[in-house]
Amino acid sequence: MPTPTLLQSIAITLIQCVLVVLFVFVVVPLTVFAERKVLGHIQQRLGSTRVASGHIGVTGWMNRGMWKWGRIPVLSYWRGIPGLLADVLKLILKEDIIPAKADKFVFFIAPALSMVSAVVVFAAISFVPGTFFVFPSWFPGLAGLPVSGGIADINVGLLWILGVASVGVYGIVLAGWASNSKYPLLGGLRSAAQMVSYEVPLAISLLAPVVLTGSLNFGEMAQRMATGTSAWGLVPQVFGFLIYLTCGFAETNRLPFDMPEAENELVAGFHTEYSGMKFGFFYLAEYINMTVVSALAAGFFLGGSWLLPFGLQGLVNKLLPAGAWIAGPHAIFFVAKIIFLLFTYIWVRGTIPRYRYDQVMSVAWKYLIPLALVNLLLAAFVRCAV
Amino acid sequence: MNKFLRTLIPSDIAKGLAITGKHFCKVFFTANRRKVPFHIVSEYPEVVAKVQPRYRGRLTLLKDEQGEIKCVCCLACEKICPTQVITIEKGKKEGRKMPYPVRYDFEMERCIFCEFCVESCGFDSIILNHQFELATYNREDFSLGMEGLSQNMFEPSPVGKFSVADD
Numbered sequence: 019m020p021t022p023t024l025l026q027s028i029a030i031t032l033i034q035c036v037l038v039v040l041f042v043f044v045v046v047p048l049t050v051f052a053e054r055k056v057l058g059h060i061q062q063r064l065g066s067t068r069v070a071s072g073h074i075g076v077t078g079w080m081n082r083g084m085w086k087w088g089r090i091p092v093l094s095y096w097r098g099i100p101g102l103l104a105d106v107l108k109l110i111l112k113e114d115i116i117p118a119k120a121d122k123f124v125f126f127i128a129p130a131l132s133m134v135s136a137v138v139v140f141a142a143i144s145f146v147p148g149t150f151f152v153f154p155s156w157f158p159g160l161a162g163l164p165v166s167g168g169i170a171d172i173n174v175g176l177l178w179i180l181g182v183a184s185v186g187v188y189g190i191v192l193a194g195w196a197s198n199s200k201y202p203l204l205g206g207l208r209s210a211a212q213m214v215s216y217e218v219p220l221a222i223s224l225l226a227p228v229v230l231t232g233s234l235n236f237g238e239m240a241q242r243m244a245t246g247t248s249a250w251g252l253v254p255q256v257f258g259f260l261i262y263l264t265c266g267f268a269e270t271n272r273l274p275f276d277m278p279e280a281e282n283e284l285v286a287g288f289h290t291e292y293s294g295m296k297f298g299f300f301y302l303a304e305y306i307n308m309t310v311v312s313a314l315a316a317g318f319f320l321g322g323s324w325l326l327p328f329g330l331q332g333l334v335n336k337l338l339p340a341g342a343w344i345a346g347p348h349a350i351f352f353v354a355k356i357i358f359l360l361f362t363y364i365w366v367r368g369t370i371p372r373y374r375y376d377q378v379m380s381v382a383w384k385y386l387i388p389l390a391l392v393n394l395l396l397a398a399f400v401r402c403a404v
Numbered sequence: 155m156n157k158f159l160r161t162l163i164p165s166d167i168a169k170g171l172a173i174t175g176k177h178f179c180k181v182f183f184t185a186n187r188r189k190v191p192f193h194i195v196s197e198y199p200e201v202v203a204k205v206q207p208r209y210r211g212r213l214t215l216l217k218d219e220q221g222e223i224k225c226v227c228c229l230a231c232e233k234i235c236p237t238q239v240i241t242i243e244k245g246k247k248e249g250r251k252m253p254y255p256v257r258y259d260f261e262m263e264r265c266i267f268c269e270f271c272v273e274s275c276g277f278d279s280i281i282l283n284h285q286f287e288l289a290t291y292n293r294e295d296f297s298l299g300m301e302g303l304s305q306n307m308f309e310p311s312p313v314g315k316f317s318v319a320d321d
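Line by line, the protein sequences give chains D and S. Letter by letter, the first sequence follows residues 19 to 404 in our numbering. Letter by letter, the second sequence follows residues 155 to 321 in our numbering.
Check before you lean on any hint, since a few could be wrong.
[Stated by the list, open to error] Derived lysine-lysine pairs resembling DSSO-like cross-links, with alpha carbons at most 27 Å apart:
(1) S:K204 x D:K86
(2) D:K384 x S:K169
(3) D:K122 x D:K108
(4) S:K217 x S:K180
(5) S:K233 x S:K251
(6) D:K119 x D:K108
(7) S:K247 x S:K224
(8) S:K224 x S:K244
(9) S:K233 x S:K244
(10) S:K246 x S:K233
(11) S:K204 x D:K384
(12) D:K86 x S:K180
These are computed hints drawn from the structure, not numbers from a lab.
One chain only, chain D, in its complex shape (with noise of 0.2 Å):
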């Protein structure tokens, strides 16, 4: 294998954040169409199916064209999607209102901050470790280079990861405080004191992987958690994934721990006061929180790139006979597993009600991070005895 020049280096880094940039990008509206279809299937409804509601008209002609596709089984799931494309036609066409007293530079910065601190941190997710595949020898320029499987290899990658995850509650917080409005306000003081609690469990349950494994490095991390655990090692490893979904839950403000973006009590929130493109990043990197959460969570309890989850594909891998096309990583079971989570995320939204402001704290602070400190130890033990 040729070693690559620092051009053609930086061409293939490139070439990965495309990649990963398109996975986001693809996921994401793809979430946004589910979360309609489940919700509404959960309550015997049939999700989105139109647009718009007319008869006549461009509209009209487009709806009942879905309908005859409906007749066919497959099609008839997917008669919601140009829906989606209204949507983001909608947000960006809109007419973006700055209020007259909000103060301007913040007001605009927030929702960039909160974008951006929720794509960046897709820099040191591993998708498949190792190389993801190797350009062929007809590719101009990059013949027989080899693309690896996350963008940047970075070897305090978990530190990394949380550092700018958490950079995200300026960004509520800064469009709550920058709105100069009542509600926005409560909402972006709520998110605060709500996101600071729950980073503390957060960080916590996933002290437990590493403590197991004994690195930092995402990839590193994935691999051992994977295949390198003992059949003690399931216990944290359950314990763990439950506590870090229920924080992770918290951390996205999804429901049912959704206080800063409270319909039924604060009109909307922090974003009350945001309208056009500025709200659909808010929009956006909720989403892309969430798959951030359902790939970490993925990674280091669902067993990453390889099949089972919770360790048990070493046990197994012992088993089946070497070289085995199961026994292997593919990045196809990492994305399986996010979209698994994404749906998970979906699925508690439509089955449990909204916490209390107060219940929130309280589950936070005197049952999850008691029960992550007993799962830390629990890791440990298992680390040293076996």
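Using the hints, position chain S against chain D.
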């Protein structure tokens, strides 16, 4: 101790997730594929909407088997109507013993669909049918009547293309 364990083990959440998951799977696998779907909504403009049997729609005059108007102008409906939307003009017709309504005006814009008129009628000559698409573009179109007025009370509403006309 029992309460503490129930707090720790999320069994109630698991039960709830099982129920919603079951509902999701049922709707997901039966939508558009079975005669009787599991979802409870109907795709209204394309599929004819069915309303409950006791639904109170627009007032309709009934005719008997010979095509004669059943109404005998007893004015019970006009008297009981709380918003006074019904106006009847009594008249006579050749070869008919009972009085005959020359005009039966019904102003739908003030009607509250209480069905008192139908209950008070001793001859079963009016009903509220199952039509629910009653919007019009002009205020004048809300004054319904017998032949000659913009909306004929023997025919379905001109804008109601998708709902069931009558039972």
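The hints, checked one at a time:
| no. | hint | verdict |
| --- | --- | --- |
| 1 | S:K204 x D:K86 | holds, 21 Å |
| 2 | D:K384 x S:K169 | holds, 24 Å |
| 3 | D:K122 x D:K108 | holds, 23 Å |
| 4 | S:K217 x S:K180 | violated, 46 Å |
| 5 | S:K233 x S:K251 | holds, 23 Å |
| 6 | D:K119 x D:K108 | holds, 26 Å |
| 7 | S:K247 x S:K224 | holds, 13 Å |
| 8 | S:K224 x S:K244 | holds, 13 Å |
| 9 | S:K233 x S:K244 | holds, 14 Å |
| 10 | S:K246 x S:K233 | holds, 21 Å |
| 11 | S:K204 x D:K384 | violated, 52 Å |
| 12 | D:K86 x S:K180 | holds, 23 Å |
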